[in-house]
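Q: Protein chains in written order, with numbering that gives the first Met the number 0: chain Y, 0 to 251; chain Z, 0 to 226; chain A, 0 to 59.
Worth flagging that the hints you see were computed from the coordinates, not collected in a lab. Treat the hints with care, since some could be wrong.
Beta-carbon label-pair distances, calculated as ranges [as the list claims (entries may be wrong)]:
1) L3(Y) x R34(A): 25 to 35 Å
2) G236(Y) x R36(A): 34 to 44 Å
3) F10(Z) x T9(Y): 19 to 29 Å
4) A207(Z) x R43(A): 55 to 65 Å
5) F10(Z) x R43(A): 57 to 67 Å
6) G22(A) x I169(Y): 44 to 54 Å
7) N29(Z) x T4(Y): 48 to 58 Å
8) T39(Z) x R48(A): 54 to 64 Å
Because the structure is a prediction, the values reported are computed rather than measured. Every residue gets a Cβ at the ideal spot worked out from N, C-alpha and C, and that includes glycine.
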Amino acid sequence: MNKLTLWFHTLGSPPYFHRLAGRLAPWLFAGAVLFAAAGLYGGLVVAPPDYQQSDAYRIIFVHVPSAWMSLFIYFVMAVNAFIALVWRIKLAEVLAMACAPIGAAFTVITLATGAIWGKPMWGTWWTWDARLTSELVLLFLYLGVIGLYQAIEDRRQAARAAAFLALIGIVNVPIVHFSVKWWNTLHQGSTVRLLGPSAIDASMLWPLLLVALATKLWFVASLLVRARVELLALEGGKEWARAEAQRAEGTP
Amino acid sequence: MRYGTAASACFALLRRDLLLSWRRRGDALNPVLFALIVVTLFPLALGPEPNQLARIAAGVILVAVLIAGLLALDTLFRGDYEDGTLEQLVLSPHPLPLLLASKILVHWLITAVPLVLAAPLLAAMLYLPADVLPVLIAALALATPLLSLLGAVCVALTVGMRRSGMLLALLVLPLYVPVLIFAAGACDAAQAGLPFVAPLLWLGAALALALVLAPLACAAALRISIT
Amino acid sequence: MSDFLAMGGYAGYVWSSVAIFVGVLAIDFISPRLRRRRVLAELRGRARRQQRKSTENPTP
Chain Y
0 MNKLTLWFHT LGSPPYFHRL AGRLAPWLFA GAVLFAAAGL YGGLVVAPPD
50 YQQSDAYRII FVHVPSAWMS LFIYFVMAVN AFIALVWRIK LAEVLAMACA
100 PIGAAFTVIT LATGAIWGKP MWGTWWTWDA RLTSELVLLF LYLGVIGLYQ
150 AIEDRRQAAR AAAFLALIGI VNVPIVHFSV KWWNTLHQGS TVRLLGPSAI
200 DASMLWPLLL VALATKLWFV ASLLVRARVE LLALEGGKEW ARAEAQRAEG
250 TP
Chain Z
0 MRYGTAASAC FALLRRDLLL SWRRRGDALN PVLFALIVVT LFPLALGPEP
50 NQLARIAAGV ILVAVLIAGL LALDTLFRGD YEDGTLEQLV LSPHPLPLLL
100 ASKILVHWLI TAVPLVLAAP LLAAMLYLPA DVLPVLIAAL ALATPLLSLL
150 GAVCVALTVG MRRSGMLLAL LVLPLYVPVL IFAAGACDAA QAGLPFVAPL
200 LWLGAALALA LVLAPLACAA ALRISIT
Chain A
0 MSDFLAMGGY AGYVWSSVAI FVGVLAIDFI SPRLRRRRVL AELRGRARRQ
50 QRKSTENPTP
């Protein structure tokens, strides 16, 4: 066995992953907070007001990275779901299921901040435009995955069923997006338009990228922490999990 | 031990399901009754103005049919799961997707076809213009099997649960959105005097794709939830 | 400073967005920790029950 496959097999072992994730997560969280603070400082303080939207555009510094993450996390979840279904790796199941709540959180942020941005810019909290509608459908997909995972008693079976649903969903998202787009051209109803992709100034770009990096780190950190807990619950009967429980006795 | 051919197994399953639903033939009217109630509520809520009702008629009928189908989805595997038939189907030597396809076909025949047949009545209640009615029926004829096929995949995932109603709706809704958009789009276009063939063709293409893929996905899902 | 807080008249919009961002992520941070505490407590309880059972009727 070559080194890489060996490493993968070691990584897939729950006690090893538990230990590694526990060591990595705090650093990743710290990095995420640091980058987010720098990015938000750059976005909210340093960057000049937009000539059209004045200061309201500053919402994009939290909105756009969250929107990227909502799609990115779904993709990560689907990849893990695929691995879980094809090779039946326990860690992949756990990771896929740990993705869902984080993705739902970022989708909620995207929808809420998008609505808040839309009110002063478009004069309305919500329009039935392709991006907004597919984001809403994405939230339903996340909630469906979480709901299905919670509803089935047997944890492994629940993870596999929810993973299957996640895979169906990833086919569905682009279909919804394009169908709503087509539907909008038919209706011709709303005259409010998403702002044209005006070339973004460098003073606005770097804070945006920093916050995006911060959300990526946050996702990985949160994923590791959630996967750790899930593994502990799954492997409750095993020796390492019991040892972990005893070790955590004193510390809160 | 000898098994029959896959075709004979499918026919046996079709016969059995049809016979079972014939013995409980009153149930077939439930979805129609439900759609009728929903459609009745709209004029009561919005006022009896014919122009206003005509404008939303196609959309209301489609949504009513969609929800009626959603409520009926639960019965697709319920009985077979409870008496163990479903497990036997999964264990049988015949291709599971084919067997499931015949089950879905019967389910569509007894829950969705009555809805399509009742569409003219629902349309009349909401003053749908007469020239839009054929488009609505065509859209329903293409959309309802699509809804049944997509719904079957989700039902297969929730089959072992006792109270799956709300969860099933949550799982199915994202899959139903494009179908609803295209079906309503065809009716809207017809009502506005625009060409309405394109969305119908899209529905047809999706139906062809789902006819092949949905039974396979349904079988895979069922194998996950029945272990 | 007050100019910065006023956000050109959009203070309510901008600051509520940032608050939602921080708030939702804070919940995302706390919820697995609470769950971890629950899981560990349950595991300890299970271990204790097993120990008690083996001391009450020790297997030869």
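Q: Taking the numbered hints from earlier one at a time, note which ones the structure violates and give those numbers from smallest to largest.
A: 2, 3, 6
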